[in-house]
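Colleague: So the protein sequences, as listed, match chains A and B.
The first sequence begins at 127 in this note's numbering and counts up one residue at a time.
The second sequence begins at 38 in this note's numbering and counts up one residue at a time.
Fair warning: there could be bad hints in the mix.
Not everything, but these chain A residues come out facing chain B in the computed CB check (under 7 Å) [claimed, not checked]:
1. CYS270
2. ARG274
3. ALA319
4. ARG354
It should be emphasised that the hints constitute simulated quantities derived from the structure, not laboratory data.
Even for Gly, the Cβ is constructed at its ideal location relative to N, Cα and C.
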Amino acid sequence: MRVALFVTCVNDALYPRTGIAVVRLLERLGVDVDFPEAQSCCGQPQYNTGYRHETEPLLRRTAKAFAGYEYVVTPSGSCAAMIREHYPRIGRKAAGEGRGTELAEAAESLAPRVYELTEFLVDVLGVTDVGAYFPHTVTYHPSCHGLRSLGLGDRPRRLLAAVKGLDLVELPGAEECCGFGGTFAVKNPDVSAAMGTDKIDNAAASGAEVLCGADNSCLAHLDGLLRRADAPLRAVHLAEILAATEEEPLS
Amino acid sequence: MTGTYLGMPAFPAFPEAAGEAVRDEVLRANLRHATHTIRDKRARAVAELEDWDRLRAAGKAIKDHTLRHLDCYLLQLEESVTAAGGTVHWAADADEANRIVTDLVRATGEREVVKVKSMATQEIGLNEALEAAGIAAYETDLAELIVQLGHDRPSHILVPAIHRNRGEIRDIFRSEMGSWGRPAPEGLGDDPRELAEAARLHLREKFLRAEVAVSGANFMVAETGTMVVFESEGNGRMCLTLPETLISVVGIEKVVPTFRDLEVFLQTLPRSSTAERMNPYTTMWTGTAAGDGPSAFHLVLLDNGRTDTLADETGRQALRCIRCSACLNVCPVYERAGGHAYGSVYPGPIGAILSPQLRGTGSEIDATLPYASTLCGACYEVCPVAIDIPEVLVHLRERVAQGGPVTREGIRVTLRPAHGHTAERAAMRAARLLLDRPGALRAGERLLARARRLAPRRLPGPGRAWTDTRALPAIPAESFRDWWTRERGTSQ
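This is chain A alone, in the form it adopts within the complex (with noise of 0.2 Å):
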C-alpha cells in the first residue's frame, strides 16, 4: 500500500520529529510513504481567523498535490478536520458568489481521502498494536478537532494502550479545550493561558511523565506552558510514541 503524508506546516517547520515518526511507523508496518513536495499548509490559520478568499490558493494547491492518492495521511486532527469539513464549505461558498465549480469539486475530491494518523491505522491498516516500546506513564489529551470534528474516540487510547512498557493513565477533565484555538491564544491570551495551565495541572494531577496529544500545535501551546513554568511533564506527539521501539526509542 502506498500512501501520501500531509505532513502540516507547524510539523514541517518546527515539529519535523513528529513526520519523520510517522514516516517510520507507517514503514514498519508495511506501508510504503510519499511526500509529495508540492504541499503546504492547509489554510486554517487564514480560515478560522476570518480570511477565507486567502484560504482558497492553499485549498488549490492541496489538493493539487494528493491528487491520485487514494490514502492521505495527516498526523494532525485539526489539519485533516480543516480539509474534511471545512474544504466543502470553501468550495461551496466559492460556487455560491458565481466564481464556479472547480474549487468545490477539488474540496469534494479530496476530503474523503484524508484521514489523521490513528483512523488510518485503526479503520484502514486494523492495527491497535503497532509493536511500540515506551517504557513511561503517559496522558493523553484528545484535541477538539479530532474530538468532535473527526469522531476519534478511543482510537488513540486504545493505540497507546497497547504500547509495551507504557502505563495509560486518566486525564482528569480530557475532554475541555486545552485554549490554544490558533489565533486565540495571541488574541485572548489570558484566557488562553488560564485554559492551558489549567490542563497542566490536570495533567500534573494524573501522576503522568509524558502529555501525549496528536496536534502538535496544541502541544507547543502545553509545552511551552510547562517549560515556562519549570514543570517535570513534557508533552510529546502521539506519533513519536507509537515510533518508539526498544531498539530505536525515543530520545
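The hints should help you fit chain B onto chain A, whose structure is shown.
Modeller: Only chain B this time, still in chain A's reference frame:
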C-alpha cells in the same frame, strides 16, 4: 435612538474584559463550581433519553421550517391571539417596544409592574425605560432579584446571578431589600433556605399588590395563539395569573407552528437548561378568559435586528436558539471570562454569535465577540437545536476581518472591514504568499534554522502575548522537508 439596542452602554473589547475576569479568583471559583455542576447534571439528564439525537434533529427542523415561513406564521399568530381576546403590537426596535409597553402601563394608571424573567425585555432595556417614565419594574425571579437589588448586570441566560456566591447574596439582601419593599429578616444568614425564604416574603407583597405584569415567552403557538413560559420557581405563574393586565414582549423567532411542536421542546429545553426531566412550572395562556387570569393581554412582537439576521444564510441559524444556556455551561471560555465580558444580555457562545448579528459588528465589543472562542465545538455538541456555533463564529470573523454583504434595517449593504485588522490582513496575505510557494517556504525554513541560536526568549509585538506565559518551541536544525530530501532524495 435608532437601530438595535441591547440595553447596554459601551463595553470594552472582549479580551480586556475577559482578562480582568480571569484575574478575579472569587469569580472564577464561583463560575467553575456552577458550570461544572450543571454540565455534569445535564449530561446525565440527556443520556437518559435514547432518542436525544432525533429530538435534537426534530427541534432543529421545526425551527428551520418556522424561520423559513416566519412571515406566514407571525400573521397566523396575530390572528389567533386577536381571536382569543388579546391585542398584538409590532415593534421594529427597542425604542418602539419600550414606547409601546410604557404607554400600555400608563393607560392602566399603575406606577409599578411585576416581571417574569425575560431575555427580550432585558435586551431592550425595558426596566430602565420604565424607570425613566416613573414606573417601577420589579424582577420576581430569584436570580434576577439578586441582580436587580445588587445594581448589577446578569451574567448568564438561565442563572443571571451565577457570578455571586451565597455570602454575597446575603449581603445584598440585607442592605438593599428594605429600599425596594419588605426588608430582609433580622440576622439573615447565608443558608440557601433562609435566603429563599427572605426572597419569598419580599416578593409575596409584590405579587399580591401588582395590577400589571410584564413577561416574555419561551414559545408562541401560531395555530392557537398560546404563549408558553417554562420556569422553576412558580414566581412566573404568580405574575401570569394574578394581575389584571399582562404584557408579553417576545422576539419574533419564538413562534412555532402548532401546539404539537411543543412536544419536542418540552423534552429538550428543561434537560438542556436545568438538567431536569421536566421543569416544575409550565404556564400556557391563550388570550383572555372571563374570571380567570388577566382581563387584558397584550403581545408585543419584537424584531430588533432579527429579520436582518434572518437574511444571512449562515448566521440565521442563531435564531433557532431556545435560550437553554447549555452552550454557556460547557464553554471553557465562558467559564473563565464570565458573562459580563460579553457586553450583552446574551453571553457565552450563543451571545458571541447573536449580539454581533443583532447589533452589527461596528462596536469594539461586537467586533471582538466572534473571536471569543477557541472553536473547540463543545457548544455545538450540546446545543439542543444543533446550532453550529463554530461555523457562525468563523463566518462572522470573516465579516469583521474582510467585510462583506449584510442586511441592516432591511437594506442590503456591504460592510468594510472593522478597524484594527490592517496589520493582520497583511500578515495573512504574506503568509499565504509564502505558503503557496513551497520553494520559498523551504528557503524560509532554512533561514529560520540557521538563525535558531539567535531566537529570542520573548517576542515583541503581537507575539508578546504568547511569550509572556509560554516558552517558544525550539527551532529544529532541519525541517521535515529537508530531512526527506536528504534521506530520500527529491520525489514527485
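Colleague: With reference to the structure, classify each hint as holding or not holding.
Modeller: Here is what the structure says about each hint:
no.	hint	result
1	CYS270	4 Å, holds
2	ARG274	4 Å, holds
3	ALA319	4 Å, holds
4	ARG354	5 Å, holds
In this structure, none of the earlier numbered hints is contradicted; all agree with it.
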